[in-house]
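Please construct the entire structure, taking both the sequences and the accompanying hints into account.
For the sequence shown, the positions run 9 to 211 when the working numbering is used.
If you're looking for bench data, these hints aren't it; they were derived computationally from the structure. Even for Gly, the Cβ is constructed at its ideal location relative to N, Cα and C. Misleading hints may appear alongside valid ones.
DEER-style ranges, computed between Cβ atoms [what the hints assert, rightly or not]: (1) Gly57 x Arg159: 17 to 25 Å; (2) Gln51 x Gly186: 22 to 30 Å; (3) Ser209 x Asp184: 37 to 45 Å; (4) Ala71 x Gly91: 15 to 23 Å; (5) Glu163 x Pro39: 38 to 46 Å; (6) Pro205 x Asn145: 33 to 41 Å; (7) Thr59 x Thr173: 20 to 28 Å; (8) Leu84 x Thr171: 22 to 30 Å; (9) Ala210 x Thr126: 18 to 26 Å.
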Amino acid sequence: MTLTHRFVALALCCLLPGCAALSALDDAADPLDVYELRTPAVQTATRRGNTELVIEEPNASGALAVERIMIQPDPLQAQYLPGARWADTAPVMLQTLLVRSLTETGALGSVGRRPVGTLADYAVLSELTDFQAEVTNGSDGATVVVRLSFRIVRERDARVIATRTFSQSEGAADTDTGTIVAAFDRATSRLIAEAVPWILSAL
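Quick look at the structure:
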C-alpha cells in the first residue's frame, strides 16, 4: 500500500465515527407522536368556598419524570415506547389534570400551581410512584399502573391534615401505542375522579 493509499484509508477511518454520530443525531431528530390525557369531569356536592389551594408538581423518580411513555417488560427493566411521547413530563401532566379537575368543580376560590399572594390556604404535595405499562407474561397485552400518594398541608403552620395513596390499574389488549395510551387515559381518569372528592372533603 502506498503512502497516499494509507493516508486515504486513515482519513476514511476517522470519518466513520462521525458518520455514525450524524446518523444517530438524525434518528434522534425524528419527530415523535405526542399524546395527552383527558381531564375527567368530577361531580361533587361541595359548595363553593374561598379556599385557595396550590397543587405542587408531584415528585417522581428519574425514570418517570420524563416525557416518554414507559413500558416494563419485567419489573427490573424500564423501556419507552418508540416513536411516541407525552405532551409533558408525567408529573407535570398529572399536576395539570388535578388543577383542571379541581377548578372545574367550582368548589374552591382558587386553584393553581403557585399561590396568588404570598401564601395559599392549603397545598397538595404528592409522589408519583407508578406510571407505566407492565407487560403481562404469557400474553400479548399489558397492564397500566398509576399510583399517586398525597399529603395535604395547611400552609399557615405546615401541618399535614390528610394523607392517602390512590392506585389504579387498567388492562391493554396489546402493546400498540394507541392501546397503551387509551389504558393510561382510563386509569388516570379514575384515579383523578377518586382523588378530587377526597381532597375537597379533607379541606
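Please check whether Gln51 and Gly186 have a Cβ separation lying inside 22 to 30 Å. 29 Å, holds
Lying within 15 to 23 Å: is that true of the beta-carbon distance Ala71 to Gly91? 19 Å, holds
Confirm or reject the claim that Ser209 and Asp184 have a C-beta distance inside 37 to 45 Å. At 39 Å between Cβs, range holds.
Outcome of range test on Cβ distance (Gly57, Arg159; 17 to 25 Å): 21 Å, holds
Quick one: are Glu163 and Pro39 within 38 to 46 Å, going by C-beta? 42 Å, holds
Indicate whether the distance between the beta carbons of Ala210 and Thr126 respects the range 18 to 26 Å. Taking Cβ atoms as reference, Ala210 and Thr126 lie about 23 Å apart, which means the hint holds.
Range hint compliance [Cβ, Pro205 to Asn145, 33 to 41 Å]: Between Pro205 and Asn145, where Cβ atoms are some 36 Å apart, the hint holds.
Take the C-beta atom of Thr59 and the C-beta atom of Thr173, compute their distance, and say whether it sits inside 20 to 28 Å. 23 Å, holds
Within 22 to 30 Å: is that where the Cβ-Cβ distance between Leu84 and Thr171 falls? 29 Å, holds
Going through the hint list in order, the structure satisfies each hint without exception.
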